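Residue numbers (the UniProt record's numbering), protein chains in the order written: chain A, 1 to 501; chain B, 1 to 501.
Incorrect hints may have been included.
What the hints assert, rightly or not - Now the in silico label distances, taken between C-beta atoms and shown as ranges:
id : chain 1 : residue 1 : chain 2 : residue 2 : range
1  : B       : P314      : A       : A419      : 52 to 58 angstroms
2  : B       : A278      : A       : S274      : 40 to 46 angstroms
3  : B       : W128      : A       : D333      : 17 to 23 angstroms
4  : A       : P319      : B       : R31       : 27 to 33 angstroms
5  : B       : A278      : A       : S276      : 27 to 33 angstroms
6  : B       : R242      : A       : R236      : 36 to 42 angstroms
Claimed, not checked - Simulated coverage check for chain B against chain A, where a stretch passes if three residues somewhere in it have a Cβ under 8 angstroms from a Cβ of chain A:
id : stretch
7  : 5-18
8  : 250-257
9  : 397-409
Please keep in mind that the hints were generated in silico from the structure rather than gathered at the bench.
Remember, it's a predicted structure, so these values are computed and weren't measured experimentally.
Just so it is clear, CB atoms sit at the ideal spot from N, CA and C, and this is done for glycine as well.
Number of protein chains: 2
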Amino acid sequence: MSVHGLTLGDVLGEHRRGRPLGLAVVDADVRLTYPGLDERVNRLANALAADGVAPGERVLWLGRNSFRILELLLAAARLGAICCPANRRQSAGELTFVLDDLRPAVVVFEESEAAGQARARTVAKARWVAAGEEYEAYAAAGAPSEPAVTVDPGDPVLALYTAAFDGRPAAALLSHTALIAHTMTLLHVRRMEDGFTYLNSGPLFHVGTMMFCLAAFQLGGTNVFTPAYDPEEVCRLIEAERCTHAFLFGPMIDRLVEANAGGAHDLSSLRFASHSPAWDAMITVDDSPWGASKMGGYGQTEVGGMLTFLGLAPGGRGPAGRPSPLVHVRILDPAGTEVPPGETGEICARGATIFSGYWNRPERNAAKTAGGWHHTGDLGRREPDGTITFIGPGLRMIKSANENIYPAEVERALREHEAVADAAVIGVPDPAWGQSVKAIVVLKDGASLTPEQVVAHVRSRIASYKKPRHVEFADAIPKKGHTPDYDALDAAYGGGGHPGT
Amino acid sequence: MSVHGLTLGDVLGEHRRGRPLGLAVVDADVRLTYPGLDERVNRLANALAADGVAPGERVLWLGRNSFRILELLLAAARLGAICCPANRRQSAGELTFVLDDLRPAVVVFEESEAAGQARARTVAKARWVAAGEEYEAYAAAGAPSEPAVTVDPGDPVLALYTAAFDGRPAAALLSHTALIAHTMTLLHVRRMEDGFTYLNSGPLFHVGTMMFCLAAFQLGGTNVFTPAYDPEEVCRLIEAERCTHAFLFGPMIDRLVEANAGGAHDLSSLRFASHSPAWDAMITVDDSPWGASKMGGYGQTEVGGMLTFLGLAPGGRGPAGRPSPLVHVRILDPAGTEVPPGETGEICARGATIFSGYWNRPERNAAKTAGGWHHTGDLGRREPDGTITFIGPGLRMIKSANENIYPAEVERALREHEAVADAAVIGVPDPAWGQSVKAIVVLKDGASLTPEQVVAHVRSRIASYKKPRHVEFADAIPKKGHTPDYDALDAAYGGGGHPGT
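Assemble the whole structure, with the sequences as input and the hints as a guide.
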């Protein structure tokens, strides 16, 4: 056992001693102090160990939000195992894929048609435990002593499915060290302090909520859980538990304001960004440089959450701000060479918060860590003042006259035109230059533009060699999720000759 | 190269890119941006490498405060080597001990009689470089490219001599990871932010100043250096550089207030704890829960600086507060078993900020890490509310003018006098300095010495601040086993005011 080690289980052990009366979790009628949570976690860990959950084994949660996700994660932490909270609203086929991919030793699930079908179809041999009474009995049956397992804090403990770049998601593995390091960056950037009470109002299978849940835990604060986003219930919980923070964004806030229109609930404990006059009147607006409104930056599940923060570069030119103090960033070209400030390349990084690779994806992991740098797959640049701009995902590249052109960058420039509703960019074969750039543009209702105007606009924004040589107008851009479906675009508009294809 | 690595050299590399105009250091007529510091560090590193400074080799600084200590540390960091800034005010014998113990490859030194004698006596084969023109030419001669050395962030990079428990100091080794982790705890606890400008007004061979120097560096802030504590010059620097923080305590502040009695200097940029009405009127008093006044807690060089912080347990019962978020603490009995809350035991800890052992002390290191816990050698307890109380050193220590003085070290010097049969040293309360040193001396039969001769003898052997201010002669030293019975000595000779009592 190294004197330098700190695992999530160790954090819980410290809180049991250091915060004997501290309220760790609130969930419906469950209220647990840190000693109470520690005892439940030990019992659950010993029950899991009896079901074969050894170091490196996986446990899967298929259910709505619950403090039991944190409990399961901490029990896995005590065993050197990996906890995966997955999205239960996936189809039976998607759930089967997750089960076959992850091969969990134990699955805790809420009944659903899809879960039942996936259970019948999967080749994974898991012990299935139904959330509710069965789980409670299961979790209470283990011995209360701490499992005698030596856990390496560099080993993964959390798996989150993400990044369906090739049409199938993969589970990003995050180690104890990465999660604790990421928490330290949040504590620093957001000036988190004693009394932090977090309402887990977003899904815990997403890093956006999970990272704050873990920060509240590491701080010795309180995590409040609600099974799903119900604006009435969220108002009630904020008032009852004096929640100081919550996972909320635009449309969620609008529904909250509507639900509390009569002012029935006192939401003044909540410190959040300004949104609308009605919202601002209900809560405590935090417009400090480290407040919620300045949370912006650049991140992804694979870096534990956030890699850069706007709040670390007040007044800087790049909207992504500066890297957190525990990482460093390089903007690299496809050959792995650093590009100069002002030029676009792939955002690459190194540091304590970076993930440990995807579960069961050795080839992709090798590509993600080429040259000893984590390759985010996203495009960005260093501004002359040293701050970072996130350009967009770097899925597809165009090679014209030996220059690398990233569709996301050209698309961003196109969308900045007031007459453009949407746009996508592909490479078309070019006998002279290998490829040339073709833009497919959707105009706003009633707007009109000539191809020449489109080209002139792009040329005014980015380097000339990136401007489209061909422009076609269309009614819509085919999409895969939120990103253009480039295969469909290539087929419809004559694309081809992409490097690497 | 792991994607998780972050060394001090990496931090500098990020700042070179991220803060192209950021002022890194100010020292007399030297003003360096981060790119400027990065270039100097690379040149110095390449020069050191040519002198055999390979991974694990040591470089020693024997001089007053200077930005060149940070530069030397960062150059060592780029090479995987270890930098030791040592106290140049030590005697020739003490300096010889350090040289023989550390065996540095390169020594940068300011001329002094003691340094000259130590250089003549030591068996260490080092390249000696005189601070000043010789050093400047030496540091400028290397190539400006970054050395191609892969550095493990878990390897030591800083060595600080401390802990003369057995009569001889030892060099505590701190890794990149430990120093960066400790900085993260400071950023969190002290809410450090952009614009942090630190005046290095304390000695950089002491962790108390070094930890803030490193925090300012990690933040991308500015470090201002002054060769020694001159109140007039400190006032001038605070005003000229708009320093926001500085290393200061009671008697230093009194001298500053005296020097600025006429209000000649505007010290309002300095944010510091309240001290006296005159002081409070000169500076910006920071009485926030994370302000300088709440810096208290418990620490030692071996944990990178601070292990626990009062500011993390506002209103808590234990004056040492709570552990930093990157460590966990156990109070253990001599058998390594945890003692219950309220009972005294040894403060033991695990976590990222813990040191890598003492240089060249394998037996002591084994004892320090028994059972996988770092043994601080200090006594403490958990209060019922979970907070920590520091009781005192497991071995007796004297604290005078913020310096740790170990009786064993002074006693060893006393016993080396041919007329001394036995001796013991206690601390007596001192209104100005907390404590001062009192020696109780047993002379050999027929020998005679004056108190002045005793003091002069000690002063010839060890640093002046450790010499006795009071000497009493006695017939015998009361003992507990082989060691002096300090409680009996305190009672008989007016001892008291020991830290923790």
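Query raised in the report: For the pair A:P319 and B:R31, does the Cβ-Cβ distance stay inside 27 to 33 angstroms?
Result: Taking Cβ atoms as reference, A:P319 and B:R31 lie about 31 angstroms apart, which means the hint holds.
**Report entry** Whether chain A covers the stretch 250-257 of chain B (at least 3 residues having a Cβ closer than 8 angstroms to its Cβ atoms)
**Finding:** With 0 residues close enough to chain A, the hint is violated.
Query raised in the report: How about the stretch 397-409 of chain B: do at least three of its residues have a C-beta closer than 8 angstroms to a C-beta of chain A?
Result: violated (count 0)
Query raised in the report: Is it true that B:A278 and A:S274 lie within 40 to 46 angstroms of each other by Cβ?
Result: Taking Cβ atoms as reference, B:A278 and A:S274 lie about 42 angstroms apart, which means the hint holds.
Query raised in the report: Okay, the stretch 5-18 of chain B and chain A, do three or more residues pass the C-beta test at under 8 angstroms?
Result: holds (count 8)
Report task. Hint says 52 to 58 angstroms; check whether the CB-CB distance for B:P314 and A:A419 agrees. Result -> Holds - the Cβ-Cβ distance for B:P314 and A:A419, about 57 angstroms, lies within 52 to 58 angstroms.
Query raised in the report: Should the hint that B:R242 and A:R236 are 36 to 42 angstroms apart at their CB atoms be regarded as holding?
Result: Between B:R242 and A:R236, where Cβ atoms are some 49 angstroms apart, the hint is violated.
Requested in this report: Mind checking the hinted window 27 to 33 angstroms against the Cβ distance between B:A278 and A:S276?
Outcome: 50 angstroms, violated
Query raised in the report: Does the Cβ distance between B:W128 and A:D333 fall inside 17 to 23 angstroms?
Result: 45 angstroms, violated
Violated hints, listed in ascending order, are 3, 5, 6, 8, 9; each of the other numbered hints is respected by the structure.
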